[in-house]
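Chains U and R, in that order, give the protein sequences. The numbers in the working numbering rise by one with no breaks, and the one at position 38 of the first sequence is 63. The numbers in the working numbering rise by one with no breaks, and the one at position 63 of the second sequence is 303.
It should be emphasised that the hints constitute simulated quantities derived from the structure, not laboratory data. We treat Cβ as the ideally placed atom computed from N, Cα and C, and that holds for glycine. Some hints could be false.
Now the in silico label distances, taken between C-beta atoms and shown as ranges [stated by the list, open to error]:
hint: 1; chain 1: R; residue 1: W284; chain 2: U; residue 2: G112; range: 28 to 36 Å
hint: 2; chain 1: U; residue 1: I126; chain 2: R; residue 2: A268; range: 45 to 53 Å
hint: 3; chain 1: U; residue 1: V43; chain 2: R; residue 2: E263; range: 52 to 60 Å
hint: 4; chain 1: U; residue 1: D98; chain 2: R; residue 2: T315; range: 18 to 26 Å
hint: 5; chain 1: R; residue 1: E263; chain 2: U; residue 2: G70; range: 34 to 42 Å
hint: 6; chain 1: U; residue 1: M92; chain 2: R; residue 2: T292; range: 18 to 26 Å
hint: 7; chain 1: U; residue 1: L89; chain 2: R; residue 2: E264; range: 53 to 61 Å
hint: 8; chain 1: U; residue 1: I82; chain 2: R; residue 2: K269; range: 39 to 47 Å
hint: 9; chain 1: R; residue 1: A268; chain 2: U; residue 2: A40; range: 39 to 47 Å
hint: 10; chain 1: R; residue 1: E266; chain 2: U; residue 2: A47; range: 24 to 32 Å
hint: 11; chain 1: U; residue 1: V86; chain 2: R; residue 2: E264; range: 50 to 58 Å
hint: 12; chain 1: R; residue 1: Q267; chain 2: U; residue 2: L115; range: 42 to 50 Å
Chain U is nowhere near these chain R residues, computed Cβ spacing over 12 Å in every case [unchecked claim]:
hint: 13; residue: P262
hint: 14; residue: E263
hint: 15; residue: E266
hint: 16; residue: Q267
hint: 17; residue: K269
hint: 18; residue: R270
hint: 19; residue: A271
hint: 20; residue: A310
hint: 21; residue: E323
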Amino acid sequence: MGFVAIGFLALPSAALFVLPHAIYADVVDDDVKRTGARREGVYAGTGRLIMRIGTAIFQVVFSLMLMLGKTPDNYTGVIVNTFMAAGLFLLSALVLSFHPINK
Amino acid sequence: MSLFVVLLLYYLPTFVIKSPTPEEFEQAKRAKADKSASSSVHVWSEVWHCLTNYTFMTAALSTNFFSTSANAVFTMNLPYLFETVYETENGIIGNLTMAKDNNFNFNFFFFFLHVAPGKGSLWMGLAILITVMGSLIGVPVRFIAFYKIKKIFLKKYFPTTVDCVKTSQKARQASCIPGSESVCGPDGNDFRL
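Could you put together the complete structure from these sequences and hints?
Here's what the structure looks like:
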């Protein structure tokens, strides 16, 4: 079961870590095309800032949710966090569907 | 003697370097403050430009804000999930969490590293083999995949760039004007390839 879990979890995670960089490269290219100025550094920094804010917020939310229950007898918090992660991924997909460079 | 040397070294700059007049000092101080303020404004205006860029924000919110947060929540939750819901042994939880991450082959090494003690050198050898092979195969595969993705994007969305690359260096220098439809650099080189 462990190997199956690894297989299912590793591949989407790999996409998560690889694709954003390709998308950002196109965002920067698009910006250069429109404005004529290159802002790779600022885009990278701002992107990282947004990531840190998100991670910080949801780490707190994660900890709060665990308070609902994290034992074999009562694992409500664990289940809530699982669905929260899934919901965030869906939100991510939803927002990405509005990305102008989509093909 | 040593005192003399110390005093000489201490006061020598006052003879060599001309002290600024109060006016010059104030002028330099104002110039420094202006420069600092202008660069600060410049940085924030650049950040504001990024934040108001629709293309960037859709990418940043999806890939950085939501999905990275989701991944963090999922990764942190995984040990609890296995421990509470599936009641798995503690030993496997950390390995699964690590193996989930993107360095697939590398984390396999850790996985085997934890399994290996007591299982003989075969497991350890297998772990090292998978790690090395994975690294050897993984690097060129990633490079080729990324290159292909970029080429497809360029052909589909930036045909002028591809055309620009195909032309000669001289023609590029003549035709590629920064700020125009072309995205070639000022020297005619396409900086994206």
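Numbers of the earlier hints that this structure fails to satisfy, in rising order: 6, 9, 10, 12, 20 and 21
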